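Top to bottom, those sequences are chains A and B.
Following the working numbering, the residues of the first sequence are numbered contiguously, the last one being 447.
Following the working numbering, the residues of the second sequence are numbered contiguously, the last one being 447.
In short, the hints are calculated from the structure, not lab data.
Don't take each hint at face value.
[What the hints assert, rightly or not] List time: in silico EDC-like cross-link candidates among lysine to aspartate or glutamate, alpha-carbon distance up to 16 Å:
(1) A:40 x A:327
(2) A:30 x B:209
(3) B:190 x A:71
(4) A:190 x B:234
(5) B:190 x A:69
(6) B:443 x A:209
(7) A:443 x B:234
(8) A:399 x A:58
(9) B:7 x B:85
(10) B:190 x A:210
(11) A:152 x A:278
(12) B:443 x A:234
(13) B:271 x B:234
(14) B:40 x B:58
(15) A:7 x A:68
(16) B:443 x A:210
(17) A:347 x B:71
(18) B:399 x B:58
(19) A:443 x B:209
(20) A:443 x B:210
(21) B:190 x A:429
(22) A:190 x B:68
(23) A:190 x B:71
(24) A:7 x B:4
(25) B:152 x B:54
(26) B:30 x A:68
(27) A:190 x B:69
(28) A:40 x A:429
(29) A:399 x A:234
(30) B:40 x B:429
(31) B:7 x A:71
(32) A:347 x B:58
Computed from a prediction, not measured in an experiment: that's the story for all the values here.
2 protein chains.
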Amino acid sequence: MDPGKSPLLTDLYQLNMMQAYLDHADTKAAVFEFFVRKLPARRGFLLNAGLEQALDFLEQLRFSSDDLEWLASSGRFGTNLIDYLRELRFTGDVHAMPEGTVFFANEPILRITAPLPLAQLIETRLMNIVQLQLLVASKAARMLLAAPGKLMVDFGLRRAHGAEAGLMAARASYIAGFAGTATVLADKVFGIPIFGTMAHSFIEAHDDEKAAFEMFARSRPDNLTLLIDTYDTQAGARKVVALAPALAARGITVRAVRLDSGDLIALSKSVRRILDQGGLADVRIFASGGLDEDAVTHLLRAGAPIDGFGMGTSLTTSSDVPSLDCVYKLQEYAGLPRRKQSIGKETWPGRKQVWRTYDHAGRMCGDVLSVETDQQEGEPLLHLVMQGGRRVAASPKLADIRARAERELMRLPEPLRRLETQNYPVEVGQSLSRLAAEVDKRLRL
Amino acid sequence: MDPGKSPLLTDLYQLNMMQAYLDHADTKAAVFEFFVRKLPARRGFLLNAGLEQALDFLEQLRFSSDDLEWLASSGRFGTNLIDYLRELRFTGDVHAMPEGTVFFANEPILRITAPLPLAQLIETRLMNIVQLQLLVASKAARMLLAAPGKLMVDFGLRRAHGAEAGLMAARASYIAGFAGTATVLADKVFGIPIFGTMAHSFIEAHDDEKAAFEMFARSRPDNLTLLIDTYDTQAGARKVVALAPALAARGITVRAVRLDSGDLIALSKSVRRILDQGGLADVRIFASGGLDEDAVTHLLRAGAPIDGFGMGTSLTTSSDVPSLDCVYKLQEYAGLPRRKQSIGKETWPGRKQVWRTYDHAGRMCGDVLSVETDQQEGEPLLHLVMQGGRRVAASPKLADIRARAERELMRLPEPLRRLETQNYPVEVGQSLSRLAAEVDKRLRL
């Protein structure tokens, strides 16, 4: 059973509201926008990802006969709702920022325009799809900024939160600029380069570590990486040196060693020395084991001669920030702008556009959030991507999304390239504050 | 595409190792155990969940012809591996702690005995499946301990990490003792009670809040809960009071109001007063909005008259602890116990059993971790659940797992019922330390 396939993967209140909307013929066009209310601590920017899967979800939205029978038999809903759901397809418009775009708090990255019951139904799963990749792409971007020029690989499937989280983490981190992933399915589904070495269990299954290295090398001679920390890392490195000539005689080159435990600064330095003195100056050192962008920064500042990193759990769970304060809010219904005034959770009403300006060096220098029709200076970031339920253009290639992200990270203002700062100016346009005041005046409270 | 269905949802190194194992006929029986190396900060215990889905995964394990063709066409693997994968089914044994059991660091909750390449392949997805539910069940247990007697409902699908995470969070929190979930699919798939109210968008879609309440009430009269914080919470409560007689005349009873923002202590008290003075003493107050077990503790200590809680993101992402230091380690191969000695990551070798003793009041008072055959005092917690790839008994009903979890939480030692302590004694039996010493002696290092 694919839990992502059924539109019943939603909150009950969506169906409750749909019932009430249908009962009162409240089916006029609604506009919802998805945005992050507040950047989390330690995120100076976010990187957009997940749009492609969101559009897939919308395009494929339909209730199976099995879903409909189950809903009907639950006795919770009227036949008007069941009939409505039977015919339901996503017929709305979608405006979005392209994947691979940097964005900030309060900037919509997705806008849905659709009949109210439909626009309401999709809220839960849309958020569930998009947040996941936003988290991982943004975390991955931090890791890349911490380790310029290093090979970064996603190793985190095992502790990602389920199947979809693992697969989409591979996609989102690749978009951000990772070289690839260990997740095999990500190659099959997305064509993402995959990387793999060996586990400690392989070494442990043989009583002799050197014999285990040799066996593995003969079976897996390409891009050979040996894991050397199962028992004693330096001894492991010396075994690699001892083994290399015999392997070379068979045409097998050791490409790298992997360290997965211990003091990675001291060990990488001593392993580097052992390899260099053993004539293996070309053998790279790859590190893994509970690393995040702070650990990587620390290692590189201390001069650890590490050439690449396997980023696991901290990447795929976005461990320091495992959720975003992201919301999907009604901005307009039946032609009138709407807003929420709940304490601390007020929203800006109406359809919005984000305008970005750049300095002479091409660095981002500030955004303006305006009412959609209020033309401002700079580049508008939201574009129509789906109209009447159909994509207006073919999806961009993953490689192009990745190239966009790379360019975007280059265009970040310098302070945002550090891991701690949050100081990008997002200005609220006059048109928007005026609109908010009008909405407040209209509401009978 | 269901990413959880393909055995390609694994790390490349598993396939690399399988290739090497097959090339060298290393296909003898291996024993792997899954355990948590160290309890995270602020977790005095963990609650087992996810076994059912792990067994489903094992039972359904097979490579589709599509998977096999893709693997073959990748050029990475020998035909011996492709042929092996074509016929591969899970033929091993599984020992496990029942779902709903409390457990501690270093205690295996799952043991796989299977031919080495097979046991290796399944590592990644098995961990991915099990960790997810462990995280949520354990987080949910904390929330329940913080709010005895309160109605707790999972509201967290939208910010769970993907589809599977959202659905399984509903299951895991229900096992722990939650009353139910907002996730509709969890009712269809697992029969978990579902709960749902209304969103702010429903109120905002109508310019008049009271009219919105009335419309909703007439369409959704059962278990009616009204969301009263869209504009002004106290005004919202007064509108409910004003509306109640007209609704009662139509046979509709307001059951609850929901607060989702602001100072929940002050607001719940004033709303309680408004409702009571308005003759609505039976109307319950339900709270939601970024709550976790600490917030709930704080609210209840301050005397907030809240009857139930919707727990969202903090539950489904296990926000303070979004991953466990869980591992799946080779403990025996070809009849010989194995262990890893990597710095800080040493493991206890061999097949293990966990023995639990209770005091006269029935509270857990300590565990012993021993070699499987070393009979100790107390109750053994690991049992054979799958033999030769088949379940040895029908799966327990979800209600029974939930009842077990409830009993287990009752049997927790008093200090572990608080949110901060970690002091449960798990002793390593002499048989195990002796075995570790023997393994170390055997290894040629």
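Status of the hints after comparison with the structure:
1. A:40 x A:327: holds, 6 Å
2. A:30 x B:209: holds, 14 Å
3. B:190 x A:71: holds, 11 Å
4. A:190 x B:234: With a Cα-Cα distance of about 52 Å, the restraint between residue 190 (chain A) and residue 234 (chain B) is violated, given a limit of 16 Å.
5. B:190 x A:69: Measuring from Cα to Cα gives roughly 8 Å; hence the hint holds.
6. B:443 x A:209: holds, 11 Å
7. A:443 x B:234: It holds: about 15 Å lies between the C-alpha atoms, which stays within 16 Å.
8. A:399 x A:58: The given pair, whose Cα atoms are some 15 Å apart, holds under the 16 Å limit.
9. B:7 x B:85: violated, 20 Å
10. B:190 x A:210: violated, 52 Å
11. A:152 x A:278: violated, 20 Å
12. B:443 x A:234: holds, 15 Å
13. B:271 x B:234: With Cα atoms ~15 Å apart, residue 271 (chain B) and residue 234 (chain B) stay inside 16 Å; holds.
14. B:40 x B:58: Distance of about 27 Å is beyond 16 Å: violated.
15. A:7 x A:68: holds, 12 Å
16. B:443 x A:210: Given that 16 Å is the threshold and the Cα spacing comes to 13 Å, the pair holds.
17. A:347 x B:71: Violated. Residue 347 (chain A) to residue 71 (chain B) sits at ~52 Å, over the 16 Å cutoff.
18. B:399 x B:58: Roughly 15 Å between the alpha carbons, so the hint for residue 399 (chain B) and residue 58 (chain B) holds.
19. A:443 x B:209: holds, 11 Å
20. A:443 x B:210: Given that 16 Å is the threshold and the Cα spacing comes to 13 Å, the pair holds.
21. B:190 x A:429: violated, 46 Å
22. A:190 x B:68: holds, 10 Å
23. A:190 x B:71: holds, 11 Å
24. A:7 x B:4: It holds: about 8 Å lies between the C-alpha atoms, which stays within 16 Å.
25. B:152 x B:54: Distance ~28 Å between residue 152 (chain B) and residue 54 (chain B) Cα, so the pair is violated.
26. B:30 x A:68: Given that 16 Å is the threshold and the Cα spacing comes to 44 Å, the pair is violated.
27. A:190 x B:69: holds, 8 Å
28. A:40 x A:429: holds, 14 Å
29. A:399 x A:234: Since the Cα atoms of residue 399 (chain A) and residue 234 (chain A) sit roughly 45 Å apart, the hinted pair is violated (cutoff 16 Å).
30. B:40 x B:429: holds, 14 Å
31. B:7 x A:71: Not satisfied, since the Cα-Cα distance of roughly 25 Å exceeds 16 Å.
32. A:347 x B:58: Given pair residue 347 (chain A), residue 58 (chain B) is violated - Cα atoms ~42 Å apart, limit 16 Å.
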